[in-house]
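Peer 1: As a plain string of letters, each chain reads:
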Amino acid sequence: DAGVIQSPRHEVTEMGQEVTLRCKPISGHDYLFWYRQTMMRGLELLIYFNNNVPIDDSGMPEDRFSAKMPNASFSTLKIQPSEPRDSAVYFCASSPTTGTVGPGELFFGEGSRLTVL
Amino acid sequence: DAKTTQPNSMESNEEEPVHLPCNHSTISGTDYIHWYRQLPSQGPEYVIHGLTSNVNNRMASLAIAEDRKSSTLILHRATLRDAAVYYCIQTGNNRLAFGKGNQVVVIP
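Those protein sequences? They're chains A and B, same order as listed. Sequential numbering from 178 applies to the first sequence in the numbering used here. Sequential numbering from 102 applies to the second sequence in the numbering used here.
Next comes chain A alone, as it looks inside the complex:
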């Protein structure tokens, strides 16, 4: 398996522009997570899906952020309009369902580094 695939790997944009980050989870995984990492705040959970349904979006910073999962093999994280403080590395991760409480092993993508000027 190719693992979790994220695109783009790097994006530089100007304040006010729309940004769309994409993620292809590992086939067969039921959970998909979006994280954001900055030096100041570390690794933050933004939202996660189970079977394409958003379960917890309490980490989404504000209305400018939205995430969708139209099918089991694709998810997007959109920022509109973008601001300089959104500059960060955005990670997508997927996980299979397990028979125990909590997620199984999370497999992370290589991340999308966003710079908003």
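Derived from the structure by calculation, the hints contain no laboratory data. Watch out, some of these pointers could steer you wrong.
Said to hold, decoys possible - Chain A is faced by these chain B residues, among others (derived, beta-carbon under 8 Å):
no. : residue
1   : Pro141
2   : Gln143
3   : Phe199
A quick note: this is a predicted structure, and the numbers were derived from the prediction, not measured. Where is the CB? At the ideal position from N, CA and C, for every residue including glycine.
Starting from the structure of chain A, add chain B where the hints point.
Peer 2: For chain B alone, coordinates are given in the frame of chain A:
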């Protein structure tokens, strides 16, 4: 999100064992302890997780205290590739909340 406490950083000599402590004094009966690590410029990588009993896998061992308020991740023989930020996470649901982690430096 439940908080765990780890040292900010640690040093270890190459080819020696490394013991990474984690305190999780608020842990409840159904909370698992998960460990991940993040190498420079990469996404986090799963290391190990456990509930009550000690756990071993090819990467590491996890020793969980009898009262479950603390645990120790053990790397049996540190290599330069083990230099990373190690995250200890306590969770009883699907939210894995990563803290700042423990920056492990391996000295050749």
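Peer 1: Determine for every hint whether it applies to the structure shown.
Peer 2: Structure-based check of each hint:
1. Pro141: With a minimum Cβ separation of about 12 Å from chain A (threshold 8 Å), the hint on Pro141 of chain B is violated.
2. Gln143: Hint holds; Gln143 of chain B Cβ to chain A Cβ min 7 Å, cut 8 Å.
3. Phe199: holds, 4 Å
Hint compliance for this structure: hint 1 is the single one not met.
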